[in-house]
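In order, the protein sequences belong to chains U and G. If you want the numbering used here, it's the 1-based position in the first sequence plus 1. If you want the numbering used here, it's the 1-based position in the second sequence plus 530.
Each hint should be verified, as a subset may be incorrect.
Stated by the list, open to error - Dumping the calculated BS3-like pairs for lysine-lysine here, alpha-carbon to alpha-carbon at most 30 Å:
#: 1; chain 1: U; residue 1: K12; chain 2: G; residue 2: K627
#: 2; chain 1: U; residue 1: K96; chain 2: U; residue 2: K32
#: 3; chain 1: U; residue 1: K96; chain 2: U; residue 2: K106
#: 4; chain 1: U; residue 1: K32; chain 2: U; residue 2: K106
#: 5; chain 1: U; residue 1: K12; chain 2: G; residue 2: K623
Stated by the list, open to error - Label pairs and their computed distance ranges (CB to CB):
#: 6; chain 1: U; residue 1: A40; chain 2: G; residue 2: V636; range: 39 to 47 Å
#: 7; chain 1: U; residue 1: V63; chain 2: G; residue 2: R561; range: 18 to 26 Å
#: 8; chain 1: U; residue 1: K106; chain 2: G; residue 2: R564; range: 23 to 31 Å
#: 9; chain 1: G; residue 1: L534; chain 2: U; residue 2: A119; range: 33 to 41 Å
#: 10; chain 1: G; residue 1: I568; chain 2: U; residue 2: A40; range: 34 to 42 Å
#: 11; chain 1: U; residue 1: V94; chain 2: G; residue 2: D562; range: 27 to 35 Å
#: 12; chain 1: G; residue 1: R577; chain 2: U; residue 2: S109; range: 41 to 49 Å
#: 13; chain 1: U; residue 1: V19; chain 2: G; residue 2: G566; range: 15 to 23 Å
#: 14; chain 1: U; residue 1: V94; chain 2: G; residue 2: S602; range: 19 to 27 Å
#: 15; chain 1: G; residue 1: R579; chain 2: U; residue 2: E7; range: 27 to 35 Å
#: 16; chain 1: G; residue 1: V616; chain 2: U; residue 2: I15; range: 23 to 31 Å
#: 17; chain 1: G; residue 1: G569; chain 2: U; residue 2: L98; range: 29 to 37 Å
#: 18; chain 1: U; residue 1: P37; chain 2: G; residue 2: D562; range: 44 to 52 Å
I should point out that these hints are in silico values taken from the structure, not numbers from a laboratory. C-beta: ideal position from N, C-alpha, C; glycine also.
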Amino acid sequence: MTHEHERLRIKTWIFAVVVVSSNVFGNFFLKLGMPPTLATPLDYITVLFHPWVALGVLLLIVWLMSRMALLSWADLSYVLPVTSVGYVLVAVVGKFLLNEQITMKRWSGIGLIVAGVALVSGGSVPQTAHPQPNAARPGQ
Amino acid sequence: MRWLLIGIIVAATTVGEVLQAAGMRRHGEIRDFRPGAIGRALAVLARNRFVIAAVAAMAVSFFAYLALLTISELSFAVPATAVTYVLETVLAKYVLKEHVNWLRWVGASLVICGVALVSL
Numbered sequence: 002m003t004h005e006h007e008r009l010r011i012k013t014w015i016f017a018v019v020v021v022s023s024n025v026f027g028n029f030f031l032k033l034g035m036p037p038t039l040a041t042p043l044d045y046i047t048v049l050f051h052p053w054v055a056l057g058v059l060l061l062i063v064w065l066m067s068r069m070a071l072l073s074w075a076d077l078s079y080v081l082p083v084t085s086v087g088y089v090l091v092a093v094v095g096k097f098l099l100n101e102q103i104t105m106k107r108w109s110g111i112g113l114i115v116a117g118v119a120l121v122s123g124g125s126v127p128q129t130a131h132p133q134p135n136a137a138r139p140g141q
Numbered sequence: 531m532r533w534l535l536i537g538i539i540v541a542a543t544t545v546g547e548v549l550q551a552a553g554m555r556r557h558g559e560i561r562d563f564r565p566g567a568i569g570r571a572l573a574v575l576a577r578n579r580f581v582i583a584a585v586a587a588m589a590v591s592f593f594a595y596l597a598l599l600t601i602s603e604l605s606f607a608v609p610a611t612a613v614t615y616v617l618e619t620v621l622a623k624y625v626l627k628e629h630v631n632w633l634r635w636v637g638a639s640l641v642i643c644g645v646a647l648v649s650l
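Only chain U is shown next, with the shape it has when bound in the complex (with noise of 0.2 Å):
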């Protein structure tokens, strides 16, 4: 059981990497080539082929996919916080990439996060509710 414990928080780490980065990157790409104003109901349609906006789209199913493998296995009320610490990357981000100022609100907000996320993940396995009986049967 603790080789099965194991196993799932390694996994659980890799997914939770790729969740959070492919949606800090997606939704950084996405605001990038937002324009303006989305006038007409076309507008959110065409937007979509702009490259910038394709590239935060493209993320953002990578992101959706990774998310929905990660909850295969892992608690939502684990997913949920673990994955919350993209907040913090997106503020780093805007640290070393684009130069912003980090004020003190800021780094008090990060300093929660990450301690949010030490407690859920330090203090539980990424699985307690156990699957349905017939859950896995292969090509159901």
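Go by the hints and put chain G onto chain U.
Only chain G this time, still in chain U's reference frame:
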């Protein structure tokens, strides 16, 4: 207008992510990550009612989010949508029957306060 969009985003995200978790839990752990196996898993998931409903809800949330980004800053959008953490953790306990121990409650609360501080 922006509060209406926030309301739509929060409701659609919460419903979508809880359905996504329920659907994936029913599917069972994904263990094989070779391209062919991923394709087969996607084909199975495309017929999973929970996953279909989840993707529909998340599409609503995505387009509402696009609309919100055009009329407001990320620093308004992000903290306002952090309320989904509370709703989803509560639903994880009562709908998905997860064992949310006190460390997870404290951790989720710290994250919510942190998100608010980072983005306000």
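Going through the hints against the structure:
1. U/K12 - G/K627: holds (23 Å)
2. U/K96 - U/K32: holds (17 Å)
3. U/K96 - U/K106: holds (14 Å)
4. U/K32 - U/K106: Holds - the C-alpha atoms of U/K106 and U/K32 are around 24 Å apart, at most 30 Å.
5. U/K12 - G/K623: Status holds; Cα separation ~23 Å.
6. U/A40 - G/V636: 39 to 47 Å: holds (46 Å)
7. U/V63 - G/R561: 18 to 26 Å: holds (19 Å)
8. U/K106 - G/R564: 23 to 31 Å: Violated: the Cβ-Cβ distance is about 46 Å, outside 23 to 31 Å.
9. G/L534 - U/A119: 33 to 41 Å: holds (36 Å)
10. G/I568 - U/A40: 34 to 42 Å: Since G/I568 and U/A40 have Cβ atoms about 38 Å apart, the given range 34 to 42 Å holds.
11. U/V94 - G/D562: 27 to 35 Å: holds (33 Å)
12. G/R577 - U/S109: 41 to 49 Å: holds (47 Å)
13. U/V19 - G/G566: 15 to 23 Å: Holds - the Cβ-Cβ distance for U/V19 and G/G566, about 20 Å, lies within 15 to 23 Å.
14. U/V94 - G/S602: 19 to 27 Å: Cβ of U/V94 to Cβ of G/S602: about 21 Å, so the range 19 to 27 Å holds.
15. G/R579 - U/E7: 27 to 35 Å: Cβ of G/R579 to Cβ of U/E7: about 34 Å, so the range 27 to 35 Å holds.
16. G/V616 - U/I15: 23 to 31 Å: holds (28 Å)
17. G/G569 - U/L98: 29 to 37 Å: holds (35 Å)
18. U/P37 - G/D562: 44 to 52 Å: holds (45 Å)
Hint 8 alone, counting from the list given before, is not met by this structure.
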